[in-house]
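Trainee: Chain by chain, the residues:
Protein chains: 2
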Amino acid sequence: MLTPSKLAYVPFVSVHNMMRLIHANGLSSMLIRIADTIEEDFLRWDEFDKTPRVASHSDVGVIELMPTSDGELYGFKYVNGHPKNTAEGLQTVTAFGLLADVQSGYPVLLSEMTMLTALRTAAMSALAAKHLAPKGATTMAMIGNGAQSEFQCRAFQAICGITHVRLYDIDPAATKKCAANLENSGLHVTACATSEDAVAGAQIITTCTADKQNATVLTDNMIGAGVHINAIGGDCPGKTELHSDILYRSDIFVEYPPQTRIEGEIQALDAHHPVIELHDVFAGRHVGRIADKQITLFDSVGFAIEDFSALRCIKDAIQGTPFFEPLDMLADPDDPRDLYGMLNRAK
Amino acid sequence: MLTPSKLAYVPFVSVHNMMRLIHANGLSSMLIRIADTIEEDFLRWDEFDKTPRVASHSDVGVIELMPTSDGELYGFKYVNGHPKNTAEGLQTVTAFGLLADVQSGYPVLLSEMTMLTALRTAAMSALAAKHLAPKGATTMAMIGNGAQSEFQCRAFQAICGITHVRLYDIDPAATKKCAANLENSGLHVTACATSEDAVAGAQIITTCTADKQNATVLTDNMIGAGVHINAIGGDCPGKTELHSDILYRSDIFVEYPPQTRIEGEIQALDAHHPVIELHDVFAGRHVGRIADKQITLFDSVGFAIEDFSALRCIKDAIQGTPFFEPLDMLADPDDPRDLYGMLNRAK
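Chains as they are written, first to last, in my numbering: chain C, 353 to 699; chain R, 353 to 699.
Some hints here could point you the wrong way.
Where chains are identical, the list cannot tell them apart; a pair therefore holds if satisfied intra-copy or between any two copies.
Calculated pairs, DSS-like style, for lysine-lysine (alpha carbon to alpha carbon, straight line, at most 27 Å) [stated by the list, open to error]:
id: 1; residue 1: Lys-436; residue 2: Lys-358
id: 2; residue 1: Lys-528; residue 2: Lys-699
id: 3; residue 1: Lys-667; residue 2: Lys-436
id: 4; residue 1: Lys-436; residue 2: Lys-402
id: 5; residue 1: Lys-645; residue 2: Lys-358
Because the hints were derived from the structure by calculation, they are not lab data.
Let's have the full structure, built from the sequences with the hints guiding it.
Mentor: Take a look at the structure:
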């Protein structure tokens, strides 16, 4: 065979290599690094092309492409959401992503993103809470103890200084799994029998459940003054977690309003209900928490820039490491007009 | 390391393996196979989700995602178009694509598509010509002798029975390259000094030039009665190849009108100018060629379903061959809710 030129190869980070990379750096430090990169990118919000995700819906789930660009790098994520997958032994969400050079259009990174999305979602939540949660918060209620839950707990530990987590899931086996996984994390873990029990004494309440339907994971009477709510699971049309009374009592913070109004908790509200964009808070154009009794709510849906930041972080992190393989994904003939000649010579 | 489960692996067809696959089957037979699959898919047109491509434009080029789905399989292509790349020794177009299972959202094929797009574009052109070109056509003028030209010639040979090609390019070196590449193809090749010379005696005229500007590769007086024009190069806003007088004399056939009106030759015409959809011709709902003197024009821009068909073809063609590698792209923990545990155990 002829050896493809260097440009023909795209660095690829497999799941195996992503896990090695995370362990080589430490999970806490990776979460912090991703949160820092997201904040950095949110601070240059206007430089980004912001396209709503391109979704292909079916009866059982959705497949989405989430593209964005800052004019230098272009990135997109492929992600599916299939709530019924778990019952079949499959992941609800799998994902991969790509970065490309805007100047040439050539891909420069292909990466698994099932693992990476778990990290960036947790990093984004903790980053928002760093700006919104009551100062000195030590305890988080974690409602919904699925695949995302441990990452949330670890990110709030690393980024917000949370020391205690109170777990609840309608399936006690999920709680047991989550508690076992967090055993050596340094977090004090309490398994709770009800969601009411879980929120008791918590300054931060994270909801991350997976049903594709309007659910009421939190009711109004469960929410005391001054808490920060981190609502992860309400993230597609018809899927919400909070009773709307909670929304009316909260200051609502979002990533990108045109997307959140369709996919987030606020789909239950009037289209003009006021929301605050997180990039304005990060940049100091808007104050996050203004009062002790204020209820702040991060209505998280996951935005393309966060994936872009996470991929950018990985692109830098793999430099000089063995945690990627070159993938022969691009035809790059010596003479760019001679694709056919390249094929002929490969005979 | 723990061994990922079978589902965690996505079959990946590299450029090297794509070329091996093409040679193992023969280029002609691959072109025919792709054309047949495109025709098959165009015959079930209504089953497809038809989204216009999602484009990210910059000063120097465009990066596009082209998704579609037939309800069973979901597919998308990543493709860039950077006309200035050639001068820098890079490909104008590079591409890769993916197929996924709609039921689970899990990817089932990742493939290079720089080479594959060259094949599917040529196969689509020849498929259209099979329905539109004058019966018994033997000679094709090939104007623009870049990376796509030899594939066009070979597809028209394999699918339409073309025996003679007449080459012209503003750069004689491109023509020389094209002629040399076609030497053992069985085609009679004539290098021409002007485009007027190239079209002399041709029943089919293919234009495939690359400038991102409105060019006039063909003028009205060059087009005699009864020819079929296969216009490939006019494929994005501001990029056309034909004088509009030719358009007014032709019956115009297109892939998907909403896209062609933005990207094709017909962007020069009124938004209501009549066009005929090729899937209607393939299905017999519309007659293609109705008279000897009729000028037929395929205003090709390239549509997502063609990429879907090409990927579907490759997915079948690699079965039982060594022409793919399993790519560890999906995290697939034993317990789908236990992504964190999978990470922990990989330590």
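Trainee: Look at each hint and say if it fits the structure.
Mentor: Now the hints, each set against the structure:
1. Lys-436 / Lys-358: between (42 Å within a copy, 20 Å between copies)
2. Lys-528 / Lys-699: Answer is between: at 21 Å across copies they meet the 27 Å cutoff, but 57 Å inside does not.
3. Lys-667 / Lys-436: between (33 Å within a copy, 26 Å between copies)
4. Lys-436 / Lys-402: The answer is between: 26 Å across copies meets 27 Å, while 30 Å in one copy does not.
5. Lys-645 / Lys-358: neither (58 Å within a copy, 51 Å between copies)
Hint check: a violation occurs at hint 5 only; the rest are consistent with the structure.
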